[in-house]
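Visitor: What follows is the residue order along each chain.
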Amino acid sequence: MSPLGYLALHEMAGREGYLGAILVTDEQGVPLEFRCTHPVKPTAIQRRLYGDTLEPHVGVILCGVPLAKSLQHKPSLLLVPQEFLLGVRNEVPWPTAYLRRAGKAIDISVPGDATGTLQRQRIDCVTGRFQPIVLSTHPEHPEDNPLAAKILGEVFKTLDPLEPFERISKALDALGQQEPRFR
Amino acid sequence: MAPQFRGGPARRVRWRIASALFPFGGCPIAVIDRLEIALVGGEIAQVRIGALSPPDLSVDFCLPRPLLVQPEDLLATEVPVVDMTGWLAAGLLTPPIHVVPLLSGEPRREGKSYVREEQAELFEAGRMAEKCLHGLPKPCCSTCQRQAARQKEAESQASRGNPFDLILPLLQPPLGETFDSVVALPLPLYPFQVTGTKFLIEHERALLADDMGLGKSIQAIVALKFLFRLGRVSRVLLVAPKSLLTDWAEKLWNWAPELRVIKIHGSPPERSEWWRTPAHVFVATYETLREDIDLVAPGEGAAACPVPCVPSDGTLEPAGIQFDCVLLDEAQKIKNPDAQVSQAVRRVDARLRWGLSGTPLENRVDDLIAIFGYLKPGLLPRSHTAYYAAVPEQFKATIKPYFLRRRKSDVLPELPPKIRETKWLELLPRQREAYDRAEREGVIRLTAQGDAVTVQHVLALITALKQICNLDPVSGESRKLECLCEDLEIITELNDKALVFSQYPIKTLKPLVERLGRFGCRLYDGSLSESQRSAVLEEFRNQDVRALLMSLKAGGLGLTLTEAHYVYHFDLWWNPASSAQAEDRTHRIGQPEQVFVTELLTTDTIEQRIHDLVERKRGLFREFVDDLSDPDLEARLTEEDLFGLFNLQRRPHPVASATGGPRGPIPSIRDLSPRQFENLLSVLYGRMGYHVRTTPASRGSGVDVYAKRSGDAGPEELAIQCKHYPDGVVGVEHARALYGVIQAQPGITRGVLVTSGAFSRECQQFCAGKRIWLVDIHALTALLDKHKVALSEAAD
Numbered sequence: 001m002s003p004l005g006y007l008a009l010h011e012m013a014g015r016e017g018y019l020g021a022i023l024v025t026d027e028q029g030v031p032l033e034f035r036c037t038h039p040v041k042p043t044a045i046q047r048r049l050y051g052d053t054l055e056p057h058v059g060v061i062l063c064g065v066p067l068a069k070s071l072q073h074k075p076s077l078l079l080v081p082q083e084f085l086l087g088v089r090n091e092v093p094w095p096t097a098y099l100r101r102a103g104k105a106i107d108i109s110v111p112g113d114a115t116g117t118l119q120r121q122r123i124d125c126v127t128g129r130f131q132p133i134v135l136s137t138h139p140e141h142p143e144d145n146p147l148a149a150k151i152l153g154e155v156f157k158t159l160d161p162l163e164p165f166e167r168i169s170k171a172l173d174a175l176g177q178q179e180p181r182f183r
Numbered sequence: 001m002a003p004q005f006r007g008g009p010a011r012r013v014r015w016r017i018a019s020a021l022f023p024f025g026g027c028p029i030a031v032i033d034r035l036e037i038a039l040v041g042g043e044i045a046q047v048r049i050g051a052l053s054p055p056d057l058s059v060d061f062c063l064p065r066p067l068l069v070q071p072e073d074l075l076a077t078e079v080p081v082v083d084m085t086g087w088l089a090a091g092l093l094t095p096p097i098h099v100v101p102l103l104s105g106e107p108r109r110e111g112k113s114y115v116r117e118e119q120a121e122l123f124e125a126g127r128m129a130e131k132c133l134h135g136l137p138k139p140c141c142s143t144c145q146r147q148a149a150r151q152k153e154a155e156s157q158a159s160r161g162n163p164f165d166l167i168l169p170l171l172q173p174p175l176g177e178t179f180d181s182v183v184a185l186p187l188p189l190y191p192f193q194v195t196g197t198k199f200l201i202e203h204e205r206a207l208l209a210d211d212m213g214l215g216k217s218i219q220a221i222v223a224l225k226f227l228f229r230l231g232r233v234s235r236v237l238l239v240a241p242k243s244l245l246t247d248w249a250e251k252l253w254n255w256a257p258e259l260r261v262i263k264i265h266g267s268p269p270e271r272s273e274w275w276r277t278p279a280h281v282f283v284a285t286y287e288t289l290r291e292d293i294d295l296v297a298p299g300e301g302a303a304a305c306p307v308p309c310v311p312s313d314g315t316l317e318p319a320g321i322q323f324d325c326v327l328l329d330e331a332q333k334i335k336n337p338d339a340q341v342s343q344a345v346r347r348v349d350a351r352l353r354w355g356l357s358g359t360p361l362e363n364r365v366d367d368l369i370a371i372f373g374y375l376k377p378g379l380l381p382r383s384h385t386a387y388y389a390a391v392p393e394q395f396k397a398t399i400k401p402y403f404l405r406r407r408k409s410d411v412l413p414e415l416p417p418k419i420r421e422t423k424w425l426e427l428l429p430r431q432r433e434a435y436d437r438a439e440r441e442g443v444i445r446l447t448a449q450g451d452a453v454t455v456q457h458v459l460a461l462i463t464a465l466k467q468i469c470n471l472d473p474v475s476g477e478s479r480k481l482e483c484l485c486e487d488l489e490i491i492t493e494l495n496d497k498a499l500v501f502s503q504y505p506i507k508t509l510k511p512l513v514e515r516l517g518r519f520g521c522r523l524y525d526g527s528l529s530e531s532q533r534s535a536v537l538e539e540f541r542n543q544d545v546r547a548l549l550m551s552l553k554a555g556g557l558g559l560t561l562t563e564a565h566y567v568y569h570f571d572l573w574w575n576p577a578s579s580a581q582a583e584d585r586t587h588r589i590g591q592p593e594q595v596f597v598t599e600l601l602t603t604d605t606i607e608q609r610i611h612d613l614v615e616r617k618r619g620l621f622r623e624f625v626d627d628l629s630d631p632d633l634e635a636r637l638t639e640e641d642l643f644g645l646f647n648l649q650r651r652p653h654p655v656a657s658a659t660g661g662p663r664g665p666i667p668s669i670r671d672l673s674p675r676q677f678e679n680l681l682s683v684l685y686g687r688m689g690y691h692v693r694t695t696p697a698s699r700g701s702g703v704d705v706y707a708k709r710s711g712d713a714g715p716e717e718l719a720i721q722c723k724h725y726p727d728g729v730v731g732v733e734h735a736r737a738l739y740g741v742i743q744a745q746p747g748i749t750r751g752v753l754v755t756s757g758a759f760s761r762e763c764q765q766f767c768a769g770k771r772i773w774l775v776d777i778h779a780l781t782a783l784l785d786k787h788k789v790a791l792s793e794a795a796d
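Residue numbers (the working numbering), protein chains in the order written: chain G, 1 to 183; chain P, 1 to 796.
Heads up, some of the hints might be wrong.
Mimicking DSSO-like on lysine-lysine, the simulated pairs with C-alpha atoms at most 27 Å apart in a straight line are [to be verified]:
#1 396/P x 69/G
#2 708/P x 396/P
#3 788/P x 708/P
#4 74/G x 708/P
#5 170/G x 396/P
#6 112/P x 41/G
#7 242/P x 553/P
#8 170/G x 198/P
#9 150/G x 74/G
#10 157/G x 708/P
FYI, nobody ran anything at the bench for these hints, they're computed from the structure.
Sequences and hints are given; from them, build the entire structure.
Guide: So this is what it looks like as structure tokens:
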């Protein structure tokens, strides 16, 4: 069994702050482990001071790396839905891949967006059940790319690797409704 | 100490300062008693300045014109020196320094590993070698396993409140478009189960009324799984009969292990604790809900609060608990709207309301109206009961969007058939003697009671006689028992198991347990606690127990006992549906082999008479009331029928006595004159809410009665033709004539052909699909009974 990890930075409703979350599933998508952070709520001044580095800082330094290191089940591949989260790759030993749906528009106005510089690889679902995806890996870890492509090629036959991020989002919303400490 | 100035011409001048202002970047200004000096170019070495209020500034900032004096004059004058340091220190404060923190502290993290501990291998060599305290291999000791289960439950309770348990359903993979996920479901669903599951998902209010054994509970669980994963429900109340709680808990564990299930049980304080426990599914009995309804849904004025998952103060919210979905298993439990359980259920509000029932109607429109009164309030007004009873097609059309029923024969042709057999047995000599004496004395007692005799007296005698047919309590003789023992010998040799049902747990089943001891029988009846029931079922399934003796009420519903392939009815209930329910404990999905059903009945006894009566009546009501369900003959048997079992005359109906007056009672429909028969129909339809008009005797159209009323579907007018043919058959020509009449009169919505006899097959075929409703003697009897119309009311 090769667990897959899904790391995401979830922006709270009303843009009040962020929660980091990581989900580990088996190859068939069954959850093995889920961890999340309490909210990080930057002030208006902090948002100004950090500028475009805010989300990468919160997502990688404050949430992503600590969450990844706290896992009991080590994933064979860590998937992220935001490009800046590739930054965790320098701190974790697992191959890490940024995933997006093929054809999804990229906001090129965001300064520092390095999508254009990342190596991209399109993966099609051989069963035709899901729309194609595009994966990119950290530029300093080119060895991740073929590894990630191989694992995802297998997984993509039976499940959509972007779907677990929707679960994470719903779970965090539910946590916020049930528990004040996650609001 | 005076302030220190540098570089100014007044370096050595003394003065007294009353107050001073030193604006940053500006020229310092001092107010010095009566003398005022502007120190051009002067610098202050040190100063601490606090906040000055605007009024001070506005008052003091506009200084009066200074009086200039020569420095020499000042030097000549001795000016007292005043130390202003303290004043300055008191009046001026250090400004606060604001620190903008960096986002450097890592936020707290929480989470959970959902991987369960590996289950013990049942036949693992090492484990099998280990002996427990009771001297058994550990995996085989049910006592130790129960203790382990209790321990697990206690740990589960200790870990309650973990929000990561509650979000687990949201983290599960999708079920697939047709619930075909091999990961999410332990077994693939049958196509009809997929349809049923989708039916529930797509309907917030629904009654799933599939035949028993088709997996209604599985369909409901999968539907709940689906909705939980979408986040559309977060809290469900499942209400079920007591005997099914454990079965539900097991099914939920097998089919939806991600759901946190709480079984509400124990003393009132314990139950209060359970209700407060955060969970996905709360499983409770109807009786528990009735007792705890003030906790769950307090009275009017207290609105349920949203998402009260974890009460912060440890108490249940005064506003109760809000459920997203209420699931009523065996929903016919609320068929009596005045019963306390029905009232309690009605107080529980929920967006989704589903009912499950194998026999939802019990063949009575009233019951379905009552059930939908909760599931879909307003769909079937109780005031329209008579209307729906008279127009069953309209009734079915109304409930159709919310009602799904499939028969086993339709959807599971591959299920092995039931092999049914009725064994007619002669009573043993002393048993016969006891029976004859009891019946003779019973009939004498009934006769002696005269007018005071009621149907209850008759039923009591029937019960006593049936119990003797089962087992003579004096001699202990039982022909049925002998037969059962013979069969159980064979069943034991076949290494098979049997279920034995009876209505009488004390008078029949308990003596049987002793007499069948060599087969390792177990008793399952209503006196057992829930844990005892679970233990009995576990023993039956896993140990060398050949027969399970079950009371019809306790064991007739919901249980899955496919380990047995033989079913014995030691006695029969009035309603064949009850027997069928009992048989379906084993004849259901998962049963790969044939099921043999044996009814043990005794000849020349009350059992044979009841059997003949039931056979005569069954099928006739199915035709009339509901072609979907088996008839509830219990509700359809008349007092005449029951008295007739002992060749006794039925007593006059109380209503007849009250209204009949000097006319006296009329014994039966066959004794009515044709005109009285028409009168009877007029009274009946008047009682059903119609405005009735009878036609003159010399009518030409053939219509005897016109009945009209307004309903939800608009005005309705019936043309009723009466054919008083006791024991006769109404031919197709009468139906053709009536059809011509309603075709010629557009205002008539339906024709009704009523007879005191029967209809020919040709007549029935002609009316099929036409706007003609046929009412034969049996349907008429049922309607008269239902609307409490006495025959005496038909008198001229």
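Visitor: Holds or violated: are the alpha carbons of residue 150/G and residue 74/G at most 27 Å from each other?
Guide: holds, 18 Å
Visitor: Going straight from one Cα to the other, do residue 112/P and residue 41/G come out at no more than 27 Å?
Guide: Distance of about 23 Å is within 27 Å: holds.
Visitor: Are the Cα atoms of residue 396/P and residue 69/G separated by 27 Å or less?
Guide: Answer violated: residue 396/P to residue 69/G is near 61 Å, above 27 Å.
Visitor: Does residue 553/P lie within 27 Å of residue 242/P when you go C-alpha to C-alpha?
Guide: Roughly 11 Å between the alpha carbons, so the hint for residue 242/P and residue 553/P holds.
Visitor: Please work out if residue 788/P and residue 708/P have their alpha carbons no farther apart than 27 Å.
Guide: Holds, at roughly 20 Å.
Visitor: Do the alpha carbons of residue 74/G and residue 708/P lie within 27 Å of each other, as the hint requires?
Guide: violated, 77 Å
Visitor: Does the alpha-carbon distance linking residue 170/G and residue 396/P stay inside the 27 Å limit?
Guide: violated, 40 Å
Visitor: When you check the alpha-carbon spacing of residue 170/G and residue 198/P, does it fall within 27 Å?
Guide: holds, 23 Å
Visitor: Are residue 157/G and residue 708/P close enough, with their CA atoms no more than 27 Å apart?
Guide: violated, 66 Å
Visitor: Given the hint that residue 708/P pairs with residue 396/P, does the C-alpha gap stay at or below 27 Å?
Guide: Holds - the C-alpha atoms of residue 396/P and residue 708/P are around 21 Å apart, at most 27 Å.
In this structure, the hints that do not hold are numbers 1, 4, 5 and 10, in rising order.
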